[in-house]
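Using this note's numbering, read the sequence shown as starting at 1 and increasing by one per residue.
Read the hints as simulated data drawn from the structure, not as lab findings. There's no promise every hint is true.
[Said to hold, decoys possible] Restricting the straight-line Cα-Cα distance to at most 20 Å, the calculated cross-link-like pairs of lysine-lysine (PhoX-like) are:
id	residue 1	residue 2
1	Lys-340	Lys-122
2	Lys-239	Lys-258
3	Lys-280	Lys-258
For clarity, every value in this text was computed on a predicted model and none was experimentally measured.
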Amino acid sequence: MKAKHALPWLDVGRNACDSPHVVILGAGASRAVTPNGDREGRVLPLMADLIQVVGLEDLLRGVPLADGYQNFEAVYSRLHATDPSSPVLGQMEERIREYFGRLALPNTVTVYDELLLCLRAKDLIATFNWDPLLPYAYARNRQLGELPRIIFLHGNVAVGTCLGDRVKGFVGERCNKCGNPLAPSRLLYPIEQKDYASDPFIAAEWEELSRTLEHAYLLTVFGYAAPESDAEAKKMLGKVWERNRTRELAQVEIVDIKPREMLEAAWQSFFVRNHYGVTKEIQNTLPFMFPRRSCDAFASATLQLDPWATRQLPHFNALDDLRAWVRPLVEEERADRDRKQGFQPFRPEERSP
C-alpha cells in the first residue's frame, strides 16, 4: 500500500519551512561556473571531452576498446573489464587528479559562491563532480557560517577522509581526532559495477543524500543530465525520491542547456503532474529568486496562498559585497534559531538588504 503524502515541515507562526532544499550538481554546473575557463583559463572537462581536455590520448593509443568511444566513463569501464590490473587505469586516474587538482576559482564571484549563499544550513548540495571548485567556494565563504552541507557522490580531488573516525575535510589536512593525514577519496568506477556501497566514504555520502532527499520539499538539478553511463546513480536517486512523502506537493527544477523536451523525457519519473520547471539559467530558480528562503516562500505561496515578493539575488563581482547582502538574512536565521522569532516574508515595499 502506497504511503499517504505528508505536508512539508511548515511552521506558519514563524513563516518558516524547515524541510530541506536539495541541489544536485553535474559537470554542466561546473562548466557554467567557469564558462571562460578557470582562473588560469583551463577548461572544465565534461565526460564527453575529458579524454581530449585532460590529455589521455597517448595512454589510449592502440587500445582497441577505446576506439570510437568518446565518453570517458565508457572507455574506463571497458578497459577495466578487459584488465582490472592494467597500469593504464592507474595512469589515467593520476592524470585526472593532476589536471583537476590544478583548477582554481576566479577571484570574482562565481555561481557556486552565489548558490552556497542562497541556501542555508538545513539544505544540501550533492555533487557528482570531481573538480574542486565547489569545495573551494565553500572554503572561502565558510567564515559567514550557516552554509548548506555539501556531499560528493563520486568523490572529489579536493576532499580527503579518515574512515576510522568518519571525518571529512580537505586533502592535505589532518584528522581532527586521530591526527593522521586525510586520505584522498576514490574517483573512478567501472560504470557497469558502480557499487557505491563498496567504498565506505562514498556509501556514507549516499546515505546522507538519502536521509535528506526523503524529506526534501524542493529539488533542483543543475547541469546533470543523468546519462546512460550513470544509470545506477539515477536509479538510486529515483528510489529515494519515490519514498519522499512530500513529493505530491514538492517542486522539481531542472537547469540545463539541453532542449526542454529531452530534459522532460529524462526526468519524467521525478515529476508529479506539473510540479516542475525547466530553465537554462540557474538564476531563474527558487533559491536565486528567494535567497535563503526558497522553501519558506514556496510553501507560503502554494500551501497558504500568500505569495512572497521576489527578491532576486543581485550579481556582485566582489565576494565581500555578496556576503554583505546576504548577512542580514543569516542574522535573521540565527535569531530564529535562538529565539524562534521566525522570518519576515519578502514584500514588495521592502528594500533588499
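Do the hints match the structure? See the list:
1. Lys-340 to Lys-122: 15 Å, holds
2. Lys-239 to Lys-258: Violated: Lys-239 and Lys-258 sit about 25 Å apart, past 20 Å.
3. Lys-280 to Lys-258: 8 Å, holds
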